[in-house]
Amino acid sequence: MTGKKIKEKVKLILLNIGFILLSFLTLIPILYAFSISISGSNSIISTEFHILPKTITMDSYITILTERPFGRWFVNSLLLSALTVLLTMLVAVPAAYVFSRMRFVGRKRTLYILLVLNAFPAILSMFAIYRIIKTLNLLNSYMGLVFIYAGSMAIFVFWNMKGYFDSIPEAIEDAARIDGVNDRQLITKIVMPLARPSIIISSVLVVIYVWNEYIFSTVFLSGAEKNTLAVALYSLQATDYTRNWPLFSAAAILTTLPVLILFFLVQKYMVSGLSSGGVKG
Amino acid sequence: MKRGKKKAWFYSMPFLIIVGLMIVVPLLYTVEISFTNMSIYHWKDYHCVGLDNYKKALLAFDSGFLPAFLRTLLWTVSSMALQLIFGFFIAVGLNAKGLKLRRVYKTLLIVPWAMPAYVSILLWRMGIFNTEFGLFNQILKQIGGKPVNFLSTNGMAFISCLVVNLWLGVPYMFTMMDGAMQSIDRNIYESAELDGAGFWKKHFYVTIPQILPILMPVIIMATFTAFKQFDIVYLMTMQTGSKTGADINTVITYVYEKAFITSNYGYSSAVAFIVFLIILVLYKTMNRREFSISEQ
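Chains U and X supply the protein sequences, listed in that same order.
Note that this note's numbering has the first sequence beginning at 1, numbered continuously upward.
Note that this note's numbering has the second sequence beginning at 1, numbered continuously upward.
Don't take each hint at face value.
To be verified - Dumping the calculated DMTMM-like pairs for lysine to aspartate or glutamate here, alpha-carbon to alpha-carbon at most 25 angstroms:
| id | chain 1 | residue 1 | chain 2 | residue 2 |
| --- | --- | --- | --- | --- |
| 1 | U | K268 | X | D185 |
| 2 | U | K134 | X | D45 |
| 3 | U | K7 | X | E193 |
| 4 | X | K100 | U | E170 |
| 5 | U | K9 | X | D178 |
| 6 | U | K5 | X | D45 |
| 7 | X | K5 | U | E170 |
| 8 | X | K7 | U | D166 |
| 9 | X | K97 | U | E8 |
| 10 | X | K6 | U | E173 |
Just so you know, the hints here were simulated from the structure itself, not pulled from any lab data.
From a predicted model like this one, the values you see are computed outputs, not experimental measurements.
Model the full structure from these sequences, guided by the hints.
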């Protein structure tokens, strides 16, 4: 009996060591970037190599925050995310509710088409979009980008929200109706509060998508004053020629923090708010 | 809100208009462009060339589409295999009896999922794989090896991208597997242990059959994500101005390259439409159950 207990203890210790190693390995790219960002600009070029910086300095952070328009980039990203979330949720949530609750001619066919379109990566028609946006003179404007983002995210939000509405029993709404609740009260007092986890998760995923989006924004935006964080970071990359790796790391960490915080804030809704991947009919 | 067909269309109209304008119109326009010779030299004075672009993509092996397609299949299969294996063992480990720090490990291991993906990819490219100051080469230098240019040859670049993809994808996979394992009835394990099942037998005969049905939608989704991969290959090897020399195009990066780098718009659109049809066929065969539900 004691032999078995010792064996289990040893197993647990080994498992813990394994997990500590794995966690460390997983975090290395981030830890290394962080260590570079506080090491100042000259240590990279030296031939000596340290995992931990020899001297700690906030120079890179100060440079990025004062000498580069970081605040501007941040506000631009925020603005673009906010506009996209607003537009996406305003159009997709009512549609999802209607398609979940009502039965009407053309419903099935429309759902089928939306399911097919959900499989279509927007990047495949990027050139066609580019040509259309250029013809409409919307190149280098947020309007164009917000519509592009809202177009692809609306389908995702539609399916996610519809899946969630489907899982809320209609009986609750019927009961409220019998109690004399009118349509508007039904939506604001009953349906929306019930759908809260899914609305939160959908909005956060839209924000993260816009925050991360670099390919459309690098191709479609050209003025430096319009740069978002993603575009700025993209152009800050240290290539083999311009070694501003500490500056880049500092910017990368500052860009990441809001998303990390947001992610861990809503993590508890992750399982309940995502209706099995949002792909189901 | 129950009756009223007009009301239904009224409330979903803004959504349908946006989807129509931003997804359907560009898709149809892509199909139209695919039948023309539109390119940087023929921006305005393009004309119809029939099926030429499609013939070039599908019949000429050296046009690059077929190799990219085969590479994408290899990419999808290998990244799924890696994610499933790593995800499974992490989830099994997390569910071990008596693991007190379970929550701590879960939070630490989930971090790559929470990071903005493009930031992570750039950190990998510059911090880990860079020829001069990348971590791998720093370590190689310390132990007296020669620096390796990880991203300049096809084989190494492909493996490097797979590593990054695993790092990005495994947190989602193990979280879902962990969730599925939590729902397994503990009594099944006890009776399996009484029957003398060891570690491998227990998991092969109990865990996998129990979690597989729950995980099917997740696995299907992850497979499509892998197939549609763009960011990793693009950011690691083919950014404008800093191409690394490796050609590991997937079908999606191939479409991008033909449109925005070599400016062959007609051909790129033809390939885009072919890729869309491939995705559609795969999607319909893999999601047969979901499709039948929506048609009720």
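Here is how each hint holds up against the structure:
| no. | hint | verdict |
| --- | --- | --- |
| 1 | U/K268 <-> X/D185 | holds, 23 angstroms |
| 2 | U/K134 <-> X/D45 | holds, 17 angstroms |
| 3 | U/K7 <-> X/E193 | holds, 16 angstroms |
| 4 | X/K100 <-> U/E170 | violated, 42 angstroms |
| 5 | U/K9 <-> X/D178 | holds, 23 angstroms |
| 6 | U/K5 <-> X/D45 | violated, 81 angstroms |
| 7 | X/K5 <-> U/E170 | holds, 19 angstroms |
| 8 | X/K7 <-> U/D166 | holds, 19 angstroms |
| 9 | X/K97 <-> U/E8 | holds, 9 angstroms |
| 10 | X/K6 <-> U/E173 | holds, 21 angstroms |
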